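Colleague: Sequence:
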Amino acid sequence: MRAEDYEEEDELLKEEYETMQQVAERGQKKENVNERPIAGAEIFGQEKMFGLFKGRVLLEPGVPHDFYSDEELQSCLRKPLPRKSDPGEFGKGYVPENPTADEKAQIDKGWERHGFNEFVCNRIALTRHLSDKRPSKCMSKRWKKPLPTTSIVIVFHNEATCTLLRTVYSILGTTPKILLTEIILVDDKSEIDKRPELGVTLEQTILDDINSKMGENFVKIIRQPTRLGLIQARLAGAAVAKGDTLTFLDAHCECFPGWAEPLLERIAEDPTRVMTPVIEVLYFMSTSLI
20 MRAEDYEEED ELLKEEYETM QQVAERGQKK ENVNERPIAG AEIFGQEKMF
70 GLFKGRVLLE PGVPHDFYSD EELQSCLRKP LPRKSDPGEF GKGYVPENPT
120 ADEKAQIDKG WERHGFNEFV CNRIALTRHL SDKRPSKCMS KRWKKPLPTT
170 SIVIVFHNEA TCTLLRTVYS ILGTTPKILL TEIILVDDKS EIDKRPELGV
220 TLEQTILDDI NSKMGENFVK IIRQPTRLGL IQARLAGAAV AKGDTLTFLD
270 AHCECFPGWA EPLLERIAED PTRVMTPVIE VLYFMSTSLI
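For the sequence shown, the residue numbers in the numbering used here are 20 to 309.
In short, the hints are calculated from the structure, not lab data. Because the structure is a prediction, the values reported are computed rather than measured. Glycine included, each C-beta is placed from N, C-alpha and C at the ideal position. The reader is advised that the hints may include incorrect statements.
[Claimed, not checked] Label-pair distances were calculated between CB atoms; the ranges are:
(1) M158 x K261: 44 to 50 Å
(2) G81 x E235: 25 to 31 Å
(3) K261 x V300: 29 to 35 Å
[Said to hold, decoys possible] No farther apart than 25 Å at their CA atoms in a straight line, the calculated lysine-lysine pairs in the BS3-like style are these:
(4) K111 x K163
(5) K239 x K98
(6) K156 x K123
(7) K164 x K239
(8) K152 x K98
(9) K196 x K208
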């Protein structure tokens with residue numbers, strides 16, 4: 020979408036831009052914010068009006084381009100081979116049969132904490148596969164060179180670790196390594212005393228199971244000392260990002276193969292663009308793909 024699509028939001032966007040500048044001025048990398056286009060599921064526009072993004076056109080119209088090979092677009096991590104019998108595989112729902120009293124208590128606790136079936140979520144593999152719903156033309160499409168890289172910013176507050184980590188593993192399992200600079204997790208003042216699993220345990224999982232393979236600080240956690248709210252927390256993540264573009268994702272989503280390339284190709288053609296992907300729905304009762 021282009022700047023003219025957001026004419027009615029000028030004042031709100033101006034306030035957000037001013038907030039971005041304030042965050043950057045607090046000793047963080049201002050150039051990383053003001054000179055980078057944005058891609059993602061939830062974003063703000065008016066990039067031309069406020070001069071936020073000064074990225075150059077990577078794919079000039081009418082100019083011949085090379086294409087990426089399948090080998091070049093290999094994902095960051097290869098997911099384990101799926102088994103149809105595993106709960107939730109291929110986006111199927113999972114509902115326990117005849118749950119015990121203890122299981123029912125765990126289900127009720129998950130509803131109270133997060134508003135979805137955390138008991139089911141914890142029994143589905145963090146690296147599960149989704150059925151590929153793309154049209155055949157999308158699956159066979161080749162992507163032009165060069166594409167910009169992206170930093171993915173995810174804000175969380177008291178998030179269930181099953182959804183947060185599945186989001187991270189889903190990104191790593193579907194995003195080409197050549198295009199992904201980093202994943203930045205912004206902890207918007209989670210209550211670690213009540214959710215200790217989001218503290219040292221989360222950090223150790225990322226260190227041992229992800230960064231040991233991807234490299235130091237590939238997935239990083241930024242802890243906020245006070246609650247900022249979604250927009251300012253995203254801007255705090257954006258201020259330290261190093262990629263050519265920014266992608267903002269929720270802390271409870273899963274990615275399909277090939278999700279990033281079309282977004283980045285359109286930005287490569289016009290760096291003033293703001294891209295939004297098609298968003299499917301995961302059913303909160305069973306974590307099934309609707």
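Colleague: If a hint holds in the structure, say so; if it doesn't, say that too.
Modeller: Status of each hint after checking the structure:
1. M158 x K261: 44 to 50 Å: violated (31 Å)
2. G81 x E235: 25 to 31 Å: violated (42 Å)
3. K261 x V300: 29 to 35 Å: holds (32 Å)
4. K111 x K163: violated (34 Å)
5. K239 x K98: holds (21 Å)
6. K156 x K123: Status violated; Cα separation ~45 Å.
7. K164 x K239: violated (28 Å)
8. K152 x K98: holds (18 Å)
9. K196 x K208: Cα-Cα ~30 Å, so violated.
In this structure, the earlier hints numbered 1, 2, 4, 6, 7 and 9 are contradicted, and the remaining ones agree with it.
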